[in-house]
Amino acid sequence: MAVKRSVTQKNAAARKPAGRATSGRKAGKAAKPAKAAPAPGKAKAESQLPAEPSASRVTEIQRIIDVMVAAGAVELEMRDPQGTKLRVRLKEDRPILTTHHVAPALPAASVASPAAVAAPAGHSAPVVMAGETFPSPMVGTFYRAASPEAEPFVGAGDSVGENSTLCIIEAMKVMNEIKAEFVGRVIEVLVENGEPVEFGQPLFRIERS
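Mind the numbering: the sequence shown is residues 0 to 208 in numbering that gives the first Met the number 0, read in order.
Rather than coming from a laboratory, the hints here were simulated on the basis of the structure.
There's no promise every hint is true.
Claimed, not checked - If you anchor each label on the Cβ, the simulated ranges turn out as follows: (1) 171 to 145: 15 to 21 Å; (2) 208 to 65: 21 to 27 Å; (3) 57 to 161: 15 to 21 Å; (4) 206 to 63: 42 to 48 Å; (5) 192 to 77: 26 to 32 Å.
Note that the structure is predicted; figures quoted are calculated from it, not measured.
We put the CB at the ideal spot given by N, CA and C, even for glycine.
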């Protein structure tokens, strides 16, 4: 009987199902490798690259250069409506640009009436200046000669014609020769050499012939 019980227990142990090794299989699985993160700032760096000049911007700069060449200017500095500062400088020598500026017509000097009342004693009579003033046609710097070593174009007492050069006015790096535009005689030079002048400022006193 003892032998039979032992065999029965052995068979029962053999029929007993083995425990599941679920945890072992799960632990044995290899973890999937994480995807590499993109390099920091890579995408942002591409958007921060300076944009190439647009076709309209290039056309605008070329137009400015063409105007400077036509005007004889070698350097120009400006600022667009967006506040961007633009400076263009050409390597060519600066030529002297000859321009003709017609002086605005001025009323002729009034002639004293012969029946004028004598000035009261103790008061000097007003001085009537001969000739008429020749105004500046632009804002710039007044030069009496083409260079510091050259003789002035005109002086007091000199006669001038329609094509006689009176002076040079430098404006925006351009040298402009100012012509008399009429025949006459220079009475007085009213501006010193190298002095800044305003538009309409008297430069000479000239008596028409």
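Outcome of the hint check:
Here the CB-CB span from residue 171 to residue 145 is close to 18 Å, well matched to the stated 15 to 21 Å. Distance hint check: the CB atoms of residue 208 and residue 65 are about 42 Å apart, inconsistent with the given range 21 to 27 Å. Judged by the Cβ atoms, the range 15 to 21 Å given for residue 57 and residue 161 is violated: they are separated by roughly 44 Å. The beta-carbon spacing between residue 206 and residue 63, approximately 43 Å, falls within the hinted interval of 42 to 48 Å.
Residue 192 and residue 77 have their C-beta atoms about 29 Å apart, which keeps the hinted 26 to 32 Å range intact.
Of the numbered hints listed earlier, those contradicted by the structure are 2 and 3.
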